[in-house]
Structure formats: structure tokens, C-alpha cells
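These protein sequences, in sequence, are chains A and B. Take the first sequence: its letters are residues 1 to 120, numbered as in the numbering used here. Take the second sequence: its letters are residues 1 to 120, numbered as in the numbering used here.
A couple of the hints might just be wrong.
Any copy, or any two copies together, can satisfy a pair, since identical chains are not distinguished.
Said to hold, decoys possible - No farther apart than 30 Å at their CA atoms in a straight line, the calculated lysine-lysine pairs in the BS3-like style are these:
#1 K8 <-> K71
#2 K57 <-> K83
#3 K57 <-> K94
#4 K94 <-> K10
#5 K108 <-> K94
#6 K71 <-> K108
#7 K13 <-> K83
#8 K4 <-> K94
#9 K94 <-> K8
#10 K10 <-> K58
#11 K10 <-> K57
#12 K8 <-> K57
#13 K50 <-> K108
#14 K4 <-> K50
#15 K71 <-> K83
#16 K108 <-> K83
#17 K13 <-> K108
#18 K10 <-> K83
#19 K83 <-> K8
#20 K57 <-> K4
#21 K57 <-> K13
#22 K108 <-> K4
#23 K71 <-> K4
#24 K50 <-> K10
#25 K83 <-> K4
#26 K71 <-> K10
#27 K71 <-> K13
Keep in mind that the hints were calculated from the coordinates and are not lab data.
Number of protein chains: 2
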Amino acid sequence: MGLKYLLKEKSFKVAGSLWIESEEQRFLGPGRVELLERIVETGSINQAAKHMGMSYKKAWGMVNSLNTQAKVPLVITQIGGEKGGGTIITEEAKELIAYYHLLRERFKQFLEEESQFLAE
Amino acid sequence: MGLKYLLKEKSFKVAGSLWIESEEQRFLGPGRVELLERIVETGSINQAAKHMGMSYKKAWGMVNSLNTQAKVPLVITQIGGEKGGGTIITEEAKELIAYYHLLRERFKQFLEEESQFLAE
DNA sequence: TGATGTAATATTTTTTTATAAATAATTTTA
DNA sequence: TAAAATTATTTATAAAAAAATATTACATCA
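Build out the structure end to end from the sequences listed, making use of the hints.
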């Protein structure tokens, strides 16, 4: 019942992407999760963006979207100060990251099962 | 264990997209499936593209990608002839469409379950 | 008080992508 | 043999997205 008989390549698979959305607007996907993790590492939106090869503007837009959609603050920024400023994320943001990784794991399993089925 | 407590909107959900890929190259997704179905309806890549608000060039690229990746022909085109030409799809392509709809259904269920869990 | 490095925002430039338009090739039909 | 409508392909144009650049605001520290 697979499709092995009509595909040339042996390494074909079911693939996909996954995110959380709210009112037609994207809330959280792999890019935003990685950005949050990089912010934890570097303490800066600027540095996090550079590490990801992303423009600061785009990164800031993501942070802003996260904060305006959430009921509680997820990312806290500071202008000026010790090192000219900086950014940290809240406990709730960390819970969000943890949740996303678990969701991702379940999705990965779904894709693997479907890919298996496809190659049967 | 959901995220209800940190999202403003009530109508948030887990969403995603799904496709079949082969060697890093896309093979089949919702757009190509719809294109194939429109070709069945109209008998023409040209008309199918117009019905979808898509340029002929893009549609032709999709057809070409499908045919070059498959072991058997999926779309058969004719230049010139009764109505100037035309296009049909093979039985294998129809099986592909049927498979995709079933896959889609299982994915839909996955997303619904995860959305339910999210809102708990 | 000036230097520092970042956030926040606007503007400009570049790149990418998609669309539109134009052209040649084709085969049945009138 | 000319007309028709489509496939196949190239070239030009437009739209969208992304990136780069520039500017302002800010609070700590030397």
C-alpha cells in the first residue's frame, strides 16, 4: 500500500513543519524556539540574531510577536545599562520551549511511522 | 500541561503542513495534488493553472518535477491535436492522490489531538 | 561627561520569487 | 493550407521578502 513502486529514489519520506498559531497569526515555530534558546545563551537579541544568520529586525519582530500574543511576558528587554542593554526570557518562555520540544518529538514519530508505511 | 495559561487568544491551535520529499527535493504537497485534480477536471495544464490563479510556468514546473522524480509517468501531455493539445494523468497519479488524502486525514487527526491537549 | 553596546525604529538597498509577456513547436480540423 | 488551442521555453517585468544601513534612545561605567 506504499508508493515504493512509483518513486525513483529510495530515500523519499513524509516530511512536514509544525507550529502553534493563534487567530491566523503565527505564534511559535522552530525558528522562534531557536531564537529564544540563543537569547538564553547570549543574553542579547543582537547576538542571538547574528548566531542564526538573521537580521536584527527580523529577530526583534519575532520577539515582539511573542510578547504581544502572550498573556504573560516571555522576553524582557533592557535598553542601556551594564553592557548597553540586554535581553532575558522568563520562566514561562522556558516552559514553552520544553513543551515545543515534546510536541516536536511526537511529530517526529508521526513522520517516521508514515515514512515507514510509505516505503513498505 | 497545556499552555492555556499563557496565551491571550482562546482560539490557538497546533498547525502544520505536510509533504512527500525525495532527496531534499519536494515531490508532492497540497498544491501539486490540487493541480493534478484540476488537470483531471479541465484536461489542460493551462486551464488548471488559471483555475488556481497560478502562472502556467509554475504549473508546468510542478508537472515536470512530478514526472522526472517518478519511476512511471504521472502526467501525459500532448502538443497539438484535437483541441490544440491537452493533458491527462495516469492511474498511478490517481493512486497518489488517493494516498495523499488518506495521509492528510491522519495528519489532521494528529493536529486536532495536539490542539486539544494544548487547550486542556 | 563622554564612551559603550544594545534596544527600537525607519529608510534604503538588495535579493529572491513570482508573474506576465512573447515566441516557437505541434497536430487535428475545417 | 490556414486556424485553433495547447505545450514548452525564454525573456522581461513586477511584487514580495529579506537584508543592509542609518538613526535615535537609553542607562551604566570609567
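Checked hints:
1. Within a single copy, K8 and K71 get their C-alpha atoms only as close as 49 Å, which misses the 30 Å cut-off; across copies the closest is 5 Å, which meets it.
2. Proximity of K57 and K83 under a CA criterion of 30 Å is satisfied intra-copy only: 20 Å inside one chain copy versus 53 Å between copies.
3. In this homomeric assembly, K57 and K94 come within 30 Å of each other (Cα to Cα) only inside a single copy, at 23 Å, whereas the closest approach across copies is 45 Å.
4. Proximity of K94 to K10 under the C-alpha cut-off of 30 Å is restricted to the inter-copy arrangement: shortest distance 21 Å between copies versus 39 Å within a copy.
5. Proximity of K108 and K94 under a CA criterion of 30 Å is satisfied in both settings, with 21 Å inside one chain copy and 28 Å between copies.
6. Taking the shortest Cα distances, K71 and K108 sit within 30 Å of each other both inside one copy (29 Å) and across copies (27 Å).
7. Taking the closest pair of Cα atoms, K13 and K83 never come within 30 Å of each other, the shortest separation being 47 Å inside a single copy and 38 Å across copies.
8. Taking identical chains as interchangeable, the C-alpha atoms of K4 and K94 lie at most 30 Å apart only when they sit on different chains, with a minimum of 15 Å there against 42 Å within one chain.
9. When the C-alpha separation of K94 and K8 is checked against a cutoff of 30 Å, the pair qualifies only between copies, where the shortest distance is 18 Å, while the shortest distance within a copy is 43 Å.
10. Taking the shortest alpha-carbon separations for K10 and K58, only the inter-copy value of 26 Å comes in at or below 30 Å, while the best intra-copy value is 38 Å.
11. When the C-alpha separation of K10 and K57 is checked against a cutoff of 30 Å, the pair qualifies only between copies, where the shortest distance is 29 Å, while the shortest distance within a copy is 41 Å.
12. In this assembly of identical chains, the alpha carbons of K8 and K57 lie at most 30 Å apart only when taken from different copies (24 Å versus 42 Å within one copy).
13. In this homomeric assembly, K50 and K108 come within 30 Å of each other (Cα to Cα) only inside a single copy, at 28 Å, whereas the closest approach across copies is 36 Å.
14. Taking the shortest alpha-carbon separations for K4 and K50, neither the intra-copy value of 42 Å nor the inter-copy value of 32 Å comes in at or below 30 Å.
15. Within a single copy, K71 and K83 get their C-alpha atoms as close as 29 Å, which meets the 30 Å cut-off; across copies the closest is 60 Å, which misses it.
16. For the homomeric pair K108 and K83, neither the shortest alpha-carbon distance inside one copy (40 Å) nor that between copies (47 Å) is at most 30 Å.
17. Taking CA atoms no more than 30 Å apart as the test, K13 paired with K108 passes in both settings, with 12 Å inside one copy and 18 Å between copies.
18. When the C-alpha separation of K10 and K83 is checked against a cutoff of 30 Å, the pair qualifies neither within a copy, at 53 Å, nor between copies, at 39 Å.
19. Taking CA atoms no more than 30 Å apart as the test, K83 paired with K8 passes in neither setting, with 56 Å inside one copy and 33 Å between copies.
20. Taking the shortest alpha-carbon separations for K57 and K4, only the inter-copy value of 29 Å comes in at or below 30 Å, while the best intra-copy value is 45 Å.
21. In the homo-oligomer, the alpha carbons of K57 and K13 lie at most 30 Å apart only across protomers (27 Å), although the nearest pairing inside one protomer, at 35 Å, exceeds that limit.
22. Within a single copy, K108 and K4 get their C-alpha atoms as close as 21 Å, and across copies as close as 24 Å, so both meet the 30 Å cut-off.
23. In this assembly of identical chains, K71 and K4 lie within 30 Å of each other by CA distance solely across copies; the values are 9 Å between and 48 Å within a copy.
24. Neither within a single protomer nor between protomers do K50 and K10 lie at most 30 Å apart by alpha-carbon distance, with minima of 37 Å and 34 Å respectively.
25. Taking identical chains as interchangeable, the C-alpha atoms of K83 and K4 are never at most 30 Å apart, the minima being 58 Å within one chain and 35 Å between chains.
26. With identical chains, the CA atoms of K71 and K10 are at most 30 Å apart between copies only, with a shortest distance of 11 Å across copies and 47 Å within one.
27. With identical chains, the CA atoms of K71 and K13 are at most 30 Å apart between copies only, with a shortest distance of 16 Å across copies and 38 Å within one.
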